[in-house]
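Enquirer: If you want the building blocks of each chain, they are given just below.
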Amino acid sequence: MMETVIDRELLEKIADLTGKPVGAFNIRKDSGCDGRQSTEHIKITSKEDKPGIDIRVLDGTKGETCHIPVIITQTGLSELVYNDFYIGEDCDVDIVAGCGIHNCGEQESRHDGVHTFYVGKNSKVRYTEKHYGEGPGTGSRVMNPQTVVYLEEGASIQMETVQIRGIDSTRRDTKIVCGRGAEAVVTERLLTHGDQTAESDMEIILEGEGSRGRVISRSVAQDRSSQVFYPRMVGNGACFGHVQCDSIIMGEAKIKSIPAITANCTEAQLIHEAAIGKIAGDQLLKLETLGLTEEEAEDCILRGFLA
Amino acid sequence: MLELKSLSYTVHESGGELGILNDISLSIGDGKLVVFTGPNGGGKTTLAKSIMGLVTPTAGQILWNGQDITGLGITERAKLGISYGFQQPPRFKGLTVRDLLTLASGDQKLSKDRCCQYLTRVGLCANDYLDREVDASLSGGEVKRIEIASILARQGKLMIFDEPEAGIDLWSFARLTETFEQLHAAGGATMIIISHQERIISLADEVIVVGDGRLRHRGTPGEILPQILADTLGGCPVLRKEAMAQ
Numbered sequence: 001m002m003e004t005v006i007d008r009e010l011l012e013k014i015a016d017l018t019g020k021p022v023g024a025f026n027i028r029k030d031s032g033c034d035g036r037q038s039t040e041h042i043k044i045t046s047k048e049d050k051p052g053i054d055i056r057v058l059d060g061t062k063g064e065t066c067h068i069p070v071i072i073t074q075t076g077l078s079e080l081v082y083n084d085f086y087i088g089e090d091c092d093v094d095i096v097a098g099c100g101i102h103n104c105g106e107q108e109s110r111h112d113g114v115h116t117f118y119v120g121k122n123s124k125v126r127y128t129e130k131h132y133g134e135g136p137g138t139g140s141r142v143m144n145p146q147t148v149v150y151l152e153e154g155a156s157i158q159m160e161t162v163q164i165r166g167i168d169s170t171r172r173d174t175k176i177v178c179g180r181g182a183e184a185v186v187t188e189r190l191l192t193h194g195d196q197t198a199e200s201d202m203e204i205i206l207e208g209e210g211s212r213g214r215v216i217s218r219s220v221a222q223d224r225s226s227q228v229f230y231p232r233m234v235g236n237g238a239c240f241g242h243v244q245c246d247s248i249i250m251g252e253a254k255i256k257s258i259p260a261i262t263a264n265c266t267e268a269q270l271i272h273e274a275a276i277g278k279i280a281g282d283q284l285l286k287l288e289t290l291g292l293t294e295e296e297a298e299d300c301i302l303r304g305f306l307a
Numbered sequence: 308m309l310e311l312k313s314l315s316y317t318v319h320e321s322g323g324e325l326g327i328l329n330d331i332s333l334s335i336g337d338g339k340l341v342v343f344t345g346p347n348g349g350g351k352t353t354l355a356k357s358i359m360g361l362v363t364p365t366a367g368q369i370l371w372n373g374q375d376i377t378g379l380g381i382t383e384r385a386k387l388g389i390s391y392g393f394q395q396p397p398r399f400k401g402l403t404v405r406d407l408l409t410l411a412s413g414d415q416k417l418s419k420d421r422c423c424q425y426l427t428r429v430g431l432c433a434n435d436y437l438d439r440e441v442d443a444s445l446s447g448g449e450v451k452r453i454e455i456a457s458i459l460a461r462q463g464k465l466m467i468f469d470e471p472e473a474g475i476d477l478w479s480f481a482r483l484t485e486t487f488e489q490l491h492a493a494g495g496a497t498m499i500i501i502s503h504q505e506r507i508i509s510l511a512d513e514v515i516v517v518g519d520g521r522l523r524h525r526g527t528p529g530e531i532l533p534q535i536l537a538d539t540l541g542g543c544p545v546l547r548k549e550a551m552a553q
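Heads up: the protein sequence lines correspond to chains A and B, in order. The opening residue of the first sequence carries number 1 in the numbering used here; numbering runs sequentially from there. The opening residue of the second sequence carries number 308 in the numbering used here; numbering runs sequentially from there.
Just so you know, the hints here were simulated from the structure itself, not pulled from any lab data. Each residue gets a CB set at the ideal place from its N, CA and C atoms; glycine is no exception. Any given hint might turn out to be false.
As the list claims (entries may be wrong) - With beta-carbon atoms standing in for the labels, derived distance ranges: (1) K419/B x D90/A: 35 to 45 Å; (2) Y86/A x Q394/B: 56 to 66 Å; (3) S226/A x D512/B: 49 to 59 Å; (4) E295/A x M308/B: 23 to 33 Å.
Work out the full structure: start from the sequences and follow the hints.
Expert: As structure tokens, then:
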């Protein structure tokens, strides 16, 4: 397990893992299983009808973390994986996913993951997903994650996705359905450069009474990269939803941000805000008066923005 | 020692040249507190900005401790100990008050205690502010005080403050005046403050009235304050009558 330096570095980047993880984990490497551990409360099993795993978290599981990183180190490898999460009632768990691609060849390396969460009553899930790509090859690094979440009464998910550099093409699809009193908070951080493209399509359906949804998307597009955001919030009952998209545009990049809110009930309160702009000149000047060079100032502003 | 030699800044407008700064020469000794005051649009901010390198003068020289810094950029001047508190400081999404103070101090491990000291000196409580982002959630007065705290954290040898009192409430203003007084008494830094406030003007070793891009008057607060008062009243017939009546 985790035999090479490349493996170790990828795992550290995407899952903050150094050494063997504590608790439940499943490491997928080049379409094979490179290590797995279930715990008393979290059971991981392979799917029998298609590639992927089932993760079952027993009722009342609290304070446990489950790591399910994916790494690809072969050029030309393309995979489609289905991971299903069955979270019981009254749980409080952390799930750390993430995908790292090291492409040293000329062919495309690609990971398409479909993650479906069924979150039981009053359970809390923190779901972190980091994407990272590297490698000297000319082959492109592609990731298309699809996440579907069903929140039962009183359940919540805090979903945090990060993709900073390295992924040439990504298309992200997220759909969350909130039951009564359920809450979804999605934080998205994205930086594209070179000729990369990224699309994020998101739909949050506030179905139940008292449900809440919040999307905070921050992105930076550099060089000739392009980004498209399409976050949608739908209120079908007495609910509160807020979509906030902020982007910094640089070089010859292009960004399209299309937040949409739909109310199908008079008691739905929905708000959206979207802004795209370049780094403000007065921000750079201020940091330069603190002794930073222009490049350091720019870097500092971007790091803060994407933190 | 800061020396300005025949500093000019002209801009080209349709139909001719407009002088924003006209042949300004000035020396400010180490540890002095000098206040620039005068009418709006008179050139105070342009003069202060040209010292920091935020404005490039079209003629003249700026010397800092004998070194000609006219051709140096902002960053290089900052590294030589020159600092500048903006009149309208920018806001940063994602940068916290602690981040800003840490950057300003140049000490990656700036302690909470130090941050707390800087914030207290501008009338803010560290517990309430350290982890807040310097973004639109802060009021104008709060951003302004954080700006001044960042200059304190910088510990430069030349501190320039552009209208530090603007947007700050009376109570915080009193605290701020004390801070300037203490800084001056400690003698570690030369200070240039652009201000219209009598309380700040009266702290100065020298008051310089800047108008029409020139140094109009120079003197001690005792000499200059009555003149400013007379000039202000002189401009308005209503006020003049009231003054006569008293």
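Enquirer: Give a verdict on every hint.
Expert: Now the hints, each set against the structure:
Between K419/B and D90/A the C-beta distance comes to about 37 Å, which sits within the given range of 35 to 45 Å. For the pair Y86/A and Q394/B, the supplied restraint of 56 to 66 Å holds, since their beta-carbon distance comes to about 58 Å. Range check, S226/A to D512/B: Cβ separation about 58 Å, and the 49 to 59 Å hint holds. Between E295/A and M308/B the beta carbon distance is about 32 Å. The supplied range of 23 to 33 Å therefore holds.
Hint compliance for this structure: every hint is met.
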